[in-house]
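Student: If you read the protein sequences in the order shown, they are chains S and H. With the UniProt record's numbering, the residue at position 151 of the first sequence is 151, and numbering never jumps. With the UniProt record's numbering, the residue at position 61 of the second sequence is 61, and numbering never jumps.
Hints listed in this document are in silico derivations from the structure and should not be mistaken for laboratory results. By construction, the Cβ of each residue, glycine as well, lies at the ideal position given by its N, Cα and C atoms. A portion of the hints provided could be inaccurate.
Claimed, not checked - Sample of chain S residues facing chain H (criterion: CB under 7 Å; computed from the structure): (1) P40; (2) S41; (3) L73; (4) Q74; (5) G76; (6) L78; (7) P115; (8) P117; (9) A144; (10) T145; (11) S174; (12) L176; (13) A211; (14) Q251.
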Amino acid sequence: MSLLTVEGLRKTHPGARGGIALDDLSLTLAPGETLGLVGPSGCGKSSLARVLLRLDRPDAGSIRFEGQDWLALQGGALRRARGRMQMVFQDPGAAFHPRATVAGALADALRLHVPAPRKDWPGLIAARLDQVGLAPDLAPHPVATLSGGQRQRLAIARALVPNPKLIVLDEAVSALDTVTRGQILALLVRLQRQLGLALLVISHDLAVVRAVSHRIAVMQAGRIVETGPADQVLDRPQSEIARRLIAAVPQLPRTGDPP
Amino acid sequence: MTAAPLFQLRGFGLRYPGQGRPALTGIELDLAQGERLALIGPSGSGKSTLARAIAGLSPPASTPEGGILWPGGPMRAGRDIGFVFQDPGGSLNPLLTIGAHLLEVLHRHGQLSRKAALARAEALLDQVHLPDPCAALQAYPHQFSGGQRQRIAIALAIAAGPRLLIADEATSALDTLVQAEIVALLRDLTGAAGMALIFVTHDIALAAGLADRIAVLEAGRLVDCGPAARVIATPQAAQTLALLAAHLDLASPRLVGDRP
Ligand SMILES: Nc1ncnc2c1ncn2[C@@H]1O[C@H](COP(=O)(O)OP(=O)(O)OP(=O)(O)O)[C@@H](O)[C@H]1O
Ligand SMILES: Nc1ncnc2c1ncn2[C@@H]1O[C@H](COP(=O)(O)OP(=O)(O)OP(=O)(O)O)[C@@H](O)[C@H]1O
Ligand SMILES: [Mg+2]
Ligand SMILES: [Mg+2]
């Protein structure tokens, strides 16, 4: 059974420029699966993420998530259900209150999602930090003093607090250096295996998407134009847009190439 | 490079208030007119700190050390130096239309009529491959996607025709096609127009393809610097090797199979 089934989503942004961001978009995600979502800038990837996370309403279409009519949830039921689908965005700095401490950032998520007595919080916070490879003694430090990689680990720890089944990652590793990025990708894959998490990985970096995704969906002008196993989509792309995006990936000169 | 240097950093350092160790120490670095320099290094190594310091945009409370020499006279951010901030939101005012942003820069630095300035603004948005530039002039920053905002920030930074453009992760939110178009634009501006470029990036392949030289920072020090091909082929610092070893391309091993 699928974890997430999206059918016929439509979304037009208001305003003079208001273009069509989602145009009859459908996709599915299985439990524990990673779907990579790629497509040209402005094709509607973040618009889809916002609609999935119930930050924005679509004009039409349906979303089933864990068997529920996701768009029909309201009030308290929606608040409780939100924990099941979490997000991590690109900018690790902007995602936290400017003066928050590491422990404070996680405490906010506990207050919102976990009915545990306050005296248990320090232990819960330490366990979450450990889960993402952050030293528990970072707890009292301001988030602003963390490195980019540490902040992204913290964003993942916070997303894990309500025990989600799906995490949507919108360009979540594109601000990280290659070494740190490799560590975060390995962390995501480990957590996925341990927790049976599904991931929707939105990124322009096709190499990143290929490394972590079981399947890849290619989006253009608000629609999914191609989906398939990661290697198939990248080695034998069917759509023109996928072919062009792949051909434009910057390549390191191989040793021996003329400079 | 025979061209005269645009700037010379000599024993340059910078310390933020309340930080134990300086964010930059002992930086020796020259940039020639029209040269393209890529700045790479791990997160927190000081790339943005160095980029801001060269543009004279360090926070007032920070303490510099050593100096920056400008043999051809000092250059000012805004007019002589264009800057694209790592966070594209940082260069855009949410309350102003894109047109107002561009007209402000164009009026500050030239004697264009309103009509000519509008035409120039539209041409700039077209140069960064923003769809429907005319309609974009009337729209506000939040009405654009992340990559579209990044392109608007680039258009703003080149609007005054700077002699030096400093782009801090300016293409990290762009798809590979638009990225290639922006790289071609940067080549044009540096080649024919003689603008110098400092390009901060995590993408080593992109750096190798665009830059004449690559400089590698680690914990505030310049640990490797040389012609791009040399730095890639025979890295001289362990840090460069580590960044190269972690580079992913479409042939790198995958971390998962085709099914969960
Ligand atoms: N609030 C808004 N008002 C009007 N148009 C909008 C708004 N938000 C997004 N858009 C437009 O909707 C389209 C889809 O935007 P979206 O942010 O979903 O793209 P994206 O695929 O995430 O792009 P990127 O890769 O650049 O992040 C774009 O053309 C964008 O300009
Ligand atoms: N305004 C500031 N006040 C105090 N410390 C700062 C400030 N800006 C940066 N730092 C610190 O200076 C060091 C260098 O940061 P900088 O932002 O220059 O790194 P970077 O190489 O650009 O990293 P990234 O790849 O994550 O963008 C870090 O330890 C950072 O925490
Ligand atoms: Mg987006
Ligand atoms: Mg930076």
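Student: For every hint, state whether the structure bears it out.
Tutor: Here is what the structure says about each hint:
1. With 7 Å as the threshold, the beta carbon of P40/S comes within range of chain H, its nearest partner Cβ sitting at about 5 Å, so the hint holds.
2. Against a cut-off of 7 Å between C-beta atoms, the interface hint on S41/S holds, since the closest Cβ of chain H lies about 3 Å away.
3. Using the Cβ-Cβ criterion of 7 Å, the hint placing L73/S at the interface with chain H is not satisfied: the shortest such distance is roughly 26 Å.
4. Annotation: interface hint on Q74/S violated; nearest CB of chain H at approximately 26 Å, more than 7 Å.
5. Restraint check, G76/S versus chain H: the minimum CB separation of about 30 Å is more than 7 Å; hint violated.
6. Taking 7 Å as the C-beta contact cut-off toward chain H, the hint placing L78/S at the interface is violated, the least distance being around 24 Å.
7. Here the hint on P115/S is broken, as its CB sits about 30 Å from the closest CB of chain H, past 7 Å.
8. Here the hint on P117/S is broken, as its CB sits about 35 Å from the closest CB of chain H, past 7 Å.
9. Taking 7 Å as the C-beta contact cut-off toward chain H, the hint placing A144/S at the interface is violated, the least distance being around 11 Å.
10. The beta carbon of T145/S is not positioned within 7 Å of any beta carbon in chain H (closest approach about 9 Å), and the interface hint is therefore violated.
11. For S174/S, the shortest C-beta to C-beta distance to chain H is roughly 5 Å, which falls under 7 Å, so the interface hint holds.
12. Annotation: interface hint on L176/S holds; nearest CB of chain H at approximately 6 Å, less than 7 Å.
13. Among the interface hints, the one on A211/S holds; its C-beta lies about 5 Å from the nearest C-beta in chain H, closer than the 7 Å criterion.
14. At a threshold of 7 Å, the smallest CB-CB gap from Q251/S to chain H is about 6 Å, leaving the interface hint in force.
Hint compliance for this structure: hints 3, 4, 5, 6, 7, 8, 9, 10 are not met, and every other hint is.
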